Structures are given as structure tokens and as C-alpha cells.
Amino acid sequence: MAEAATATKGHADGETRRDFIYLAAAGMGAVGAAATVWPFISFMNPSADVLALSTSEVDLKPVQEGMSITVTWRGKPVFVRRRTKAEIDTAAAAKLGDLPDPQPDAARVKKPEWLILVGVCTHLGCVPLGQKSADPKGEYGGWFCPCHGSHYDTSGRIRKGPAPKNLEVPPYAFLDDTTIRIG
Amino acid sequence: MAAPAFKNALVRWIDHRLPVFTFLQHELHEYPTPKNLSYWWNFGSLAGIVLVVMILTGIFLAMHYTPHTAFAFDSIERIMRDVNYGWLIRYIHMNGGSFFFIVVYIHIFRGLYYGSYKAPRELLWIIGVVILLLMMATAFMGYVLPWGQMSFWGATVITNLFSAIPLIGDGIVTWLWGGFSVDNPTLNRFYSLHYLLPFLIVGAVLLHLMALHRFGSSNPLGIDVKGPQDSIPFHPFYTAKDAFGLGIFLIAFAGVVFFAPNLFGEPDNYIRADPLVTPPHIVPEWYFLPYYAILRAIPNKLLGVIAMFGSILVLFIVPWLDTARVRSAKFRPTYRKFFWVLVVDCVVLGYVGANPPDGWFIVTGQVATAYYFFHFLILMPVLGLVERPLPLPHSISAPVLKPAEGKA
Ligand code: HEM
Ligand code: FES
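So the sequences go chain by chain: A and B. Residue numbers for the first sequence follow the numbering used here, so the first one is 1 and each next one is one higher. Residue numbers for the second sequence follow the numbering used here, so the first one is 1 and each next one is one higher.
Simulated from the structure, these hints should not be mistaken for lab results. Heads up, some of the hints might be wrong.
Claimed, not checked - No more than 20 Å apart at the CA atoms, straight line, and that leaves these computed lysine to aspartate or glutamate pairs for EDC-like:
{"no.": "1", "chain 1": "A", "residue 1": "K137", "chain 2": "B", "residue 2": "D358"}
{"no.": "2", "chain 1": "A", "residue 1": "K160", "chain 2": "B", "residue 2": "D358"}
{"no.": "3", "chain 1": "B", "residue 1": "K330", "chain 2": "B", "residue 2": "D224"}
{"no.": "4", "chain 1": "A", "residue 1": "K111", "chain 2": "A", "residue 2": "E168"}
{"no.": "5", "chain 1": "A", "residue 1": "K160", "chain 2": "A", "residue 2": "D135"}
{"no.": "6", "chain 1": "B", "residue 1": "K241", "chain 2": "B", "residue 2": "E27"}
{"no.": "7", "chain 1": "A", "residue 1": "K165", "chain 2": "B", "residue 2": "D170"}
{"no.": "8", "chain 1": "B", "residue 1": "K7", "chain 2": "B", "residue 2": "E27"}
{"no.": "9", "chain 1": "A", "residue 1": "K110", "chain 2": "A", "residue 2": "E15"}
{"no.": "10", "chain 1": "A", "residue 1": "K132", "chain 2": "B", "residue 2": "D358"}
{"no.": "11", "chain 1": "B", "residue 1": "K337", "chain 2": "B", "residue 2": "E387"}
{"no.": "12", "chain 1": "A", "residue 1": "K111", "chain 2": "A", "residue 2": "D135"}
Just so we're clear, the structure is a prediction, and the values are computed from it rather than from any experiment.
Chain A extracted, bound-state conformation (with noise of 0.2 Å):
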């Protein structure tokens, strides 16, 4: 008590080293609590085995034009359609004014006849039909999300709806011409 009343007369400013030590363990306290937190956050992230799932291997042979197969990855529905000369053909002439979220098709596709997307609406998550022959497909041709009324074009374009981006296209690379591996 009594050196603490003297620290505090020494210094004028009413700065005192005491200040300092309060400072400094405050600080290496929030540090502290910082790092204790981190585990916890990080514990709910996607595990080691989570992760090690992430890849799928997918044979295309059977699949013929104008068809589309969904396959899962991650837990997720992909969608891989093999396109028509049409649906080709419209997807590459759309002008990229037109669209939301402007993309060539050329860069959302390895080869042109086989388009694969995350089949999942990039609105709230639900998965776009347009995969069987029955569904409907939207005003454009490709695919149509009924959540929220999403229409996606042949390419996996957003053209109208609230669904701000294109459907995903995952990492991809073809093994062969007919096997091909995502993630």
C-alpha cells in the first residue's frame, strides 16, 4: 500500500508501471482466451475424415446425349449432362450483358458436351430440376429451382431469380474419355 501510494506521486501523468502491469496481464489474458477459443471453433469444422471423402470417380459411358446423370460429392448432388449440338449452341451465343453473373460457357466446361455442376441453387441450397426428362427445366432451357424460383441456363448460368451466382462447377479432370474424377 504504502510503495503504491509512492509509485503514483513519482509520476505526474498518472501514468504508474503498475498501469503497465495491468495492461500487459489484461492483454496476455485476452491472448489466453483467444487461444483457448480457437479449438473450440476449430473442433466444428469439417474433420480429417470429412475431408478425406472429397473426391469421386464417375463413369460416363453410360450416359448418352441429351442425358444427364446426378452423382454425389461431398454429400452434395452434382449434376453431369451430356449436352446437345443445341444446347451448346444456345449457351455459347449468350451475350454476357445479358447475364447476372457473366461467364463464357467456354470457361465453365473441359469439353463442351460434358457440363458438370454442383446441383445446388446458389439462392438457399435447394437442388435445381431439370434433371429427368419430366422436369421442368426453366425459361432457359436448363435448369429451374423451385424454392424460390432460380431459372438456369444450359451452361448452369443464373438468368433470373433471386440466386445471385451460376451453378458451381467443381474441380474436375477427365482420367480417360469416358472416367472422369471430381474434387
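Assemble the complex: chain A is given as a structure, and chain B with the ligands must be docked to it using the hints.
What follows is chain B with the ligands alone, placed relative to chain A:
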């Protein structure tokens, strides 16, 4: 405060060391309550009772429920068919959720009508809004547990709301899911949190009550208790009135549980979750429909999400938005009309939320959303300043004792 003399020696012995009996005596018996409370004041204690019912039935359901994507749906069907009285416990829990929201919404509108949020009860009101948010989170996560189609797609759509946040949105969604889609890790954590949050609600309710007991209940006239002639002890008068209201409530509740248990439910939730097929028409539980309508009213994803959260957050500042000097809408003829317009507006929003977003529904949803915010952000502050309230009675007992003076 002098300790009351309890007759029972054991009670006296305990109370001397742990004054729980004094506390109860003080908070229940001596607690002076305005003598003019109407039945609209029953819904607070009702909400508390429903919370207890939810916790009890929930703990029992947990004894037979399995939080795993491969077993959750079947474990619920087992509860419904094989477990003794499983159907009863589950139907009480399932419909209890709906009745909880009915009771709490009435409780909130009561507050809006009678100005219960006005000084000095601002914190009481704010804690109430916190309880509403906790309830919404609890109910949302509970609805995911049966792992039906609506569980899965409701969880998908609602968690995806966070992807609207710029830059970090997608990272947050992956973090919430613990994976790349709603899956087993998501189900597990929702179960863990669904068990936890109700107990946080209990904590918030205790704070709510502490704040309430500081100044006591407001009342339909919205004027302060002026003296002992204006109040009566809570017990036995309001315990009896609350018990009577509870009886009526239980008749309605039991009617639904026994005769229309799926009234509030969606048939699609009796179909096992399928991550590859979205049901053609996704709707949230009825108590979320107005917010869902607000979300969809705005064609921009981020702004839609902001408006949706904003519709609840605006309640936090209601005590400061309302500039009127009198509490009760009884003495505010104009505000009273707009109050009912707001009620209708919320019902319209709910109706729009239940329907697919096309044609006529889009415009209606947009108008109703605009009105909702207009009511709180513009009407409340402006009307409070320009409206001329009717003269207030001198005291709570004045209109009863001297009717002519009170009516003046
Ligand atoms: C604030 C109180 C609570 C609310 C509003 C609430 C709400 C809900 C809702 C809406 C469901 C879905 C019902 C259905 O469609 O089947 C549900 C399910 C469930 N809840 Fe709760 N709950 C609450 C408290 C609790 C507590 C304390 C537990 C204890 C562990 C619990 C355990 C469960 C279980 C195991 C299920 C799955 C069984 C089922 O779906 O019927 N709940 N809850
Ligand atoms: S999720 Fe597809 S339009 Fe909303």
C-alpha cells in the same frame, strides 16, 4: 425486510440458514400486483409452464431418440409405434412447440398494445426479445431432429442464409455444417444445442422475472400503482386466475394433441430426408412464415436476409421508437387502430410465406413487408408525437370507485 414467522419449525430452521421461504413469500404473497390485470396478462405464466412441459417431454424423448442420419428417422417412428406412450410424449413436444409460439406471440402483442415496454421496463422487454430469439433457434434445431424431408431442407435453406454474408459467408456455412452439406455432424450438433438452449431460456426467464419484479406488472390502464388500494397480493388472487387460464389453455392443447396432432405439421416430414431431392414446395413451421415472407419479398439475397433478421431486431429498440407519453393503447385512439393493422399485416405475411412466391403473392409480400417496417420505424415515433391521448384516470381504482370521474 423482517423474516416472516413461519409456523412450521423445520421451515423456520431451513429459512434461517437458506431463506428460500422468505424469498417465495416475498415474491409471491407480498408481491403487490395491480388489481386490474385482464386475461391478456395470463400468457406470461402460461409461457413459463409450456417451457417446463417442453423440457420435460424433451428429456424423455431423448431417452429413445438417436441423433444419427441413419437412425434418427427410424428412432422417431419407433417412438411413435413401439415405445409406451411414445406417440403421446412426442405429440405433446411437437405441438407444444407450436403452442409455445402462440402463447409468446400473444404475450408480445399484449406488450405492444399496452406499451409494456415503456420506461422503466425497457430491459424487461429486451430480455423478452432475447427469449424469442433463443426459442426460434431451439425450435429450428428441434425440427431438424426427426430427419424428414422438411427437417433436412429447412436446415439447408436456413443455414444457407449465412452464405449471404460477404467474403466469410461460405466459410461460416461450412463451419455450421461441419461438412460440405447438412449431414451427420450437423444433426449431432443441432441435437446438442437443442438440448442446451432451453436451459439458457430458463436462465433468461429468470432475468425476465427479476426485471419484472423490480417494478411489478404494468396493467391495462398503463398508469402506475399509486398505493395499496390499487394492488392485491399475487397469491392467491393471480395464482387462481392463472390456474383458471391454464385450464382453458390445456383444453385447447389437449384437443390438438389428441384429435389433430398433425394440424401444424407438414406431411413431407414423414418422408425420410433425401439430400438429392428437394420437395417441390418448402415451407418452414407456421411460426416462421412471416419472417420467411419478408426474406422472399426482397429479390436480393443479402438484403433479404438483412430484412428478415431486421424484422426481429427492430423489436429491441421499440422502447425508444415509441415516443408516446402514455403507455396503454386504450388512451391512444389512433395508435390503437394501427396496432390492429399491424396484427393483420403479420397474418398477411404469414399467409404469403406459406404460398409459392409467384404473381400476386410477390407484390402482397412486398407491400406487407414495407408496412411492417413502416409501422415500427416511422409510424411509432411520429404518431407518439402528434397523437393527442385521451385523459388518463387518476388511479387504477378511480374509475371503479368513481366511474364518472374515470370516464371523463
Ligand atoms: C424451448 C423448448 C423446446 C422447444 C421449443 C422444442 C421444439 C422442438 C420441435 C419443434 C421439435 C420437432 C418436433 C417434430 O416435428 O417431431 C423437437 C424435437 C425434439 N426435441 Fe425439442 N424443444 C424444446 C426443448 C427440448 C428439450 C429440453 C429437449 C431435451 C433433450 C428436447 C428434445 C427433443 C428431441 C429428442 C426431439 C426429437 C423428437 C421429435 O422430433 O419428436 N427438446 N423439439
Ligand atoms: S434456393 Fe433456389 S431459388 Fe432459393
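**Q.** Violated hints, by number in ascending order, as checked against the structure
**A.** Hints 9, 10 and 12 not satisfied by this model.
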